[in-house]
Every structure is written in C-alpha cells, then in structure tokens.
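Asker: In the order they appear, the protein sequences are chains A and B.
Residues 81 to 215 in my numbering are what the first sequence spells out, letter by letter.
Residues -9 to 577 in my numbering are what the second sequence spells out, letter by letter.
It should be emphasised that the hints constitute simulated quantities derived from the structure, not laboratory data.
Given the structure is predicted, the values throughout are model-derived calculations rather than measurements.
Virtual Cβ for every residue (Gly too), placed ideally from N, Cα, C.
Just so you know, not all the hints are guaranteed correct.
As the list claims (entries may be wrong) - Just some of the chain B residues that point at chain A, by a computed CB distance under 8 Å: (1) S193; (2) N266; (3) L268.
Unchecked claim - Label-pair ranges, simulated between beta-carbon atoms: (4) R109(A) / I535(B): 52 to 62 Å; (5) A149(A) / Y294(B): 32 to 42 Å; (6) D142(A) / L7(B): 16 to 26 Å; (7) R109(A) / F29(B): 49 to 59 Å; (8) Y294(B) / E186(A): 47 to 57 Å; (9) R100(B) / K83(A): 52 to 62 Å; (10) R109(A) / G489(B): 22 to 32 Å; (11) T383(B) / D142(A): 49 to 59 Å; (12) L7(B) / N207(A): 49 to 59 Å; (13) D142(A) / P33(B): 40 to 50 Å; (14) R132(B) / D142(A): 27 to 37 Å; (15) E165(A) / E12(B): 22 to 32 Å.
Said to hold, decoys possible - Counterexamples of contact, computed for chain B against chain A with all Cβ distances above 10 Å: (16) S5; (17) P41; (18) H112; (19) P293; (20) R524; (21) K532.
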Amino acid sequence: MSKRLTVANRDQCVGCFSCMYACSRTFRRAGSTNKAALRVRVYSGVEGAFSLRTCLRCAEPDCAAACPAGALAVQPQGGVRLERERCISCSACVRACVLKALQWDEEERIPLPCVHCGTCARFCPNNVLTLTEEA
Amino acid sequence: MQENLLFVDLSAQTSRLVRDRELFDTWLGGTAAGTELLFRHCPPDCDPLGPDNPVIFVIGPLSGLYPVATKTVALFKSPLTGELGESHAGGRLAAALREADIDALVITGRAPHPIFLTLDNHEVRFHSARTVWGKSALATERILRDFDPQDGRKSSVVRIGPAGERLSPLACATVDSSRHFGRLGLGAVLGAKNLKAILVSGSGAFVPENLKSYRDTYQGIYDKVVHSGEMRKYHDLGTAGNILTLNAIRGLPTRNFSQGYFEGAEALSGENFAKNWLVQHTACAHCQCGCIHVAEIREEFKPYHYRTTKVPYDYELIYALGTQLSLGSPEDVLRLILAVEKEGWDAMSMGCTLAWASEAFLSGIIGLDVTEGLPIQFGDAGGYLEVLNRIRTGAGRFYRDLEGGTAHCAAVYGGERFAMHFGRVEPAGYLTGENALLTWIVGVRHSHLDDGGYGIDQKLLGKPQPLREQVAAQVKDAQWRMITNSLVTCLFARSIYDGETTSAALAALGISRTPEELRRLGEETLRRKHAWKRACGFSPEKVTIPEKLFSVQTSNGPLDRERLAERVRLYLELADIAPASQETGKP
Chain A
81 MSKRLTVANR DQCVGCFSCM YACSRTFRRA GSTNKAALRV RVYSGVEGAF SLRTCLRCAE
141 PDCAAACPAG ALAVQPQGGV RLERERCISC SACVRACVLK ALQWDEEERI PLPCVHCGTC
201 ARFCPNNVLT LTEEA
Chain B
-9 MQENLLFVDL SAQTSRLVRD RELFDTWLGG TAAGTELLFR HCPPDCDPLG PDNPVIFVIG
51 PLSGLYPVAT KTVALFKSPL TGELGESHAG GRLAAALREA DIDALVITGR APHPIFLTLD
111 NHEVRFHSAR TVWGKSALAT ERILRDFDPQ DGRKSSVVRI GPAGERLSPL ACATVDSSRH
171 FGRLGLGAVL GAKNLKAILV SGSGAFVPEN LKSYRDTYQG IYDKVVHSGE MRKYHDLGTA
231 GNILTLNAIR GLPTRNFSQG YFEGAEALSG ENFAKNWLVQ HTACAHCQCG CIHVAEIREE
291 FKPYHYRTTK VPYDYELIYA LGTQLSLGSP EDVLRLILAV EKEGWDAMSM GCTLAWASEA
351 FLSGIIGLDV TEGLPIQFGD AGGYLEVLNR IRTGAGRFYR DLEGGTAHCA AVYGGERFAM
411 HFGRVEPAGY LTGENALLTW IVGVRHSHLD DGGYGIDQKL LGKPQPLREQ VAAQVKDAQW
471 RMITNSLVTC LFARSIYDGE TTSAALAALG ISRTPEELRR LGEETLRRKH AWKRACGFSP
531 EKVTIPEKLF SVQTSNGPLD RERLAERVRL YLELADIAPA SQETGKP
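Please model the complete structure; the sequences and the hints are all you need to start from.
Answerer: Have a look at this one:
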C-alpha cells in the first residue's frame, strides 16, 4: 500500500492557497507559497476558476528523464526523490513537467518534488485535495 | 522582520529601497505605520489630485503568514473629502507584497503619460499603459496578467477603471478578482498620477523566528477559522445574509433612506441569492473562509444564443444598488453591479448618488431639462443602467456631475436635506440608530467599518444602555480596530484575533507586544489619525446630518439632535482626541 495525493474536487477550490502555505510551512519552514511542492494557478477575473497542479507520481516521470545529472531518483511506487548533491540547478526537470506540477525553489535553485504526505490536503477547507491509499 | 520601504517616483521614473526598522518597531505595521508615513510624506494642504499627494500601501507583521491576514492598507489624501483617504483591500496583494519583501510602497509624483508598474521583488519597471488606458477594470486585469513576464498567474494586479482616469472622486482601485480599495477615491488619485495599474510578484519566503510556536499558533487560528462557527456566516450566506436580518428590525435603508423596510427584501436576501444565483465562492490569498460570493447572469442576446457573466455580490452592493433604488430583482441588481465594476466606481457611493438623483427628480428639484430627457425613477433598472451608460460615455454636464458624488451634486443642484453623506462620504447600509450615525460622523474614514456602531444599535433593541456606555464601547472598538488594521487581518476575523491570540502570533515571529501595549498603540493611532484630519481642516463637530434623517424611523426609533451632539462630544472626550497637531507622539 502507498499513498497518493489527488485532486478530488477541483471545482470546489476557492483559491485560498492554504495548501501551498501548509506545504512551505511544514517542509521548508517558511511562510510563503514559493516553497510549496504544488501550485494553485489562478485566472483573471471572477469569471475564472482555479487549476491545481499536483504531482501525479508517474511511473516513468518526464522530470527524471529530463535530468542530465541523474538527480531525480525514480521511486519504487512512482514519483521522484531529489538527490540534492547531484542537482546542477538547470531546471530541465521543471520544464519537462507538462502539468507544471513540479515546482522550483528560486532561492535554492532546486526542484521541489512532492512526497505525497497529505499535509496540503489536511489544510484544505473544501476537500479539494485528498490522500488516497493505493495497492 | 519588517523594514523595507519601496519609494517609487513616477515623475522621475525611479525607485529606491529604504530600510527603516524603527518605523515598524514603533508602529507595528499597517494603518499605524501608514499614518506615520502619511505624516512624513503627505502635506495636509496638498492637492489630492496633484503630484505631491502620495499613495501609500502598507502590509503588517502577520500579512501572508497567518490565516485571514489578507488586507493591504492604502493611505492618501482623499479627493472626495479633502482629508484622510484610507481604504483597505484583500485579494492577493498582501500575500504578493510579503513574498516581494515590500512592507510599504510609497508612490509619489505624476507620470508624463499613462503607465503601469511591475514590481518583481524589489525591481520596479515602468511600462507604457497607452494601450490599456480607457479599458475597463475587468479587461485591464485580463490583459496585464498575460503581459507579466513573471508568470502572471502568480501576481496581484491593482488597477483603475475609466472612472479613475476621469478623476471621479468615487473611483476605486480594483484588486485581482472583485476586491477593491473602494472608498474615498483612490482611483482618482491613481488616475491623476497617470498610473493605470500595479503588478506585484515576489519569490521570497519568510522564515519565522520560532518555528514551533509559529506552527502551533497557526494551527490554533486555523482551527478557529475553519472548524469553529466564528466565520461560518461569512462563508455560508456571506454578508448578504444581513438583508433579512436588517429588514426584520426595520434597519435596511430603502429609497434613499426613506425607511428601514424594503418590501422586496425576500428576493434580494442572501438566502435567495444563494439558492438561485450563487455559483462560486472565492477567497483572498491565505483566507480559508472564502467569503467572496459570485453569482451568474445568463442573457439571451439573440435567439438561442446566450452570454453568461459572473458577478460578485455583497450586502453593501445589494443595499446601495438594490434597496436604495427600490429594485427588487436580483438580476437587475447584478447588472448594475457589473456596470459599476467595469467602470471602477465605489458601489456604495454611486448607489447613494443615484438614490439622491431619484429623490431630486421625484421632488422636482431636477427635471428632464437637466437630465436631458431621461426620467430617473426609483425602481427603474433600465433607467439606472442608462444613467451609468451616459456617465461612461461622457454625456452632458449633469452626468459628469453625478460621478462627483452626492455632496457635489447637492451643492450644484440642491436637495441638501436628502443628500445622504457624512463628511462628503455616502453611508453604508444601516438605518439602525444613532450609534451607526456616530460612526459615520467621527469614524476616521466615515465608514461603517471604523467601529461596530451598527452592531451596538442592534444589541440595544429592547435593552437600553446608558449613553456613555454605548459610546465607550464604540471608542474601545474603534481603538482595537486600529490594531486589526495594523496587523493587517480581515475585520471578519476580529473575534479570532483577540489581544492574547495576537500577542502569541506576533511572538512566534519575534515581535514582543503584550495585549496592553497593543491597546495603547490602538489608542494612540486613533488620536494621530484625528490629528492629521484636523490638520487638513476637518472637524467632527462640524459634520452635518442630512435633515431628512430626523423624520425617518430607525430600528431604535427617531433620531434626537441633542443626543447625537452629546454622543459626538462624549466620543471625542473618551478617545482623548486633541486639537490639530502634527507632533509625532509615540505610544
């Protein structure tokens, strides 16, 4: 069994960014949206809606394939783990993620792979994100 | 720790960063720090539409770091009142300023031609806005989000609509989706500076001094915001829930404050809006409550072809553009809100001005010769849309005067006795009694948000209280709101951020302030604001009350002239508000 973060109810998102703040606060000790391993994208005007970009935990991740330094290790259950000492800060991984789910830490110049812990989901007031058990 | 002041000179098109930790050590942030900046940078005798009038945006120590610390304070000299201009807005601006590591932004001068600014962290760029000048507030956001090279979907976009370009003192500045620096004419001040928009984005991340107590305090506040009942009403029905509450106690201003009962209240109720029109909630950045209510109107523009528009609504908009104009159809009210949104007016001020025009027409003070053949009548939604259209397209003099506001129109055309304004500011939607009126007279912004006067009126029903106690409660509330507005947290969360919680939240960030110290800072800030207002020539004792109000029923019965004067006197005594002085008193 492993856990996977999923977007269960995109259309219930109110755009409060609570998920991004929770991730930054918990993993990067920071009050910000800039250190989060997921992104809520916003669109213009009240006519817009929100789009959530979270890691799919791919079995054959495009991000890892794009890395010229082998810094993103593919995990047995899918998804990647950053081997920081190998990262050359080229950001090819982030550009390779079509979903724009893999985020980039501007300050430290490293990618921020999601570990599927569910902290963001716990701080979502509207059940947009959930953590599901998978075989 | 807060310290960064970013100064932008539009005349020279330069910017500079000044570090001033003492400002924030002394004045905390938000409105208290902003008032100090106003003393430093805004000559009280300056022309509100001249280059000397600065626009000061300030966030506070909790901005972007705690739930519901979502507001940015704007300070300037108001072109509507000629004294303190102060307006607060949510959206994503406070969060973006925090990530850009800008604690205060001070904009001075006047650009030689229309421009907009992009702020990417501390880097300021000046761009030509010639192509977006004249665009609606909504179109401007759509265009500029795409322009921003720094992944515009992250930025906050502040902009004015055409009303601000025309220097209407009712013009607002719109922030992101349907949040506004609504009141007191910031839109005109920006328009006079040839500044169409400001985009803010940042890549910073704030590391709190004490991580464990930050997380613990955060969790406690989060639980209250999301799991307690404290904010539920704002999320569920939203402020529109007030329609039936106020109508039940005959405190819902109707047809230019003729009465407190609107016969069509059921249709305009928050309940009916939610059931039949609400399609979406949205939130300001870092607010898990999400009080922004968005309705949808669907119109057939030719057989089997429809256009669909989303329109945000709130209590004050339904009052100003609904009950005040005797409009009982939600669809009509939403159409008017949309027209006001696009032009970028303050909805309350515009609604009250239309109500004045309707009563002026009804009473014969203005006729078809003045209105160029258009009857302006209560209940006529099509007529009101046409009025707004004529203002927008620059029709004759009367229509240009209308966007000057109620006080301006009454001075030009007459009808002062029913011109609803207090110190030139059109009131919010409360005909609850004398406490609400006192707020509009002595409140620093003449706003219902300055203290809980209308709430005290509602608590008084059937439970009389000595006058001094009523006023004392108002003063105490006004003083504490100075702290709320310095943090800067949303007023809807004021019951959550009490003295103890606020102290704990600040302590986790390395800022030491006891609840008692905060209270004293609130008292001093209120006094200093009044000192600045007096330096501009304002005096609360001289605010006149529209004569008409002495013949209408409020929730608490008729108003009493002497008692109101006594309330003003008591307020100034209890708040220890001194005569005009520009001295920098420190708390």
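Asker: When the structure is checked against the list of hints, which entries are broken? Sort them ascending.
Answerer: 2, 3, 5, 6, 7, 12, 13 and 15
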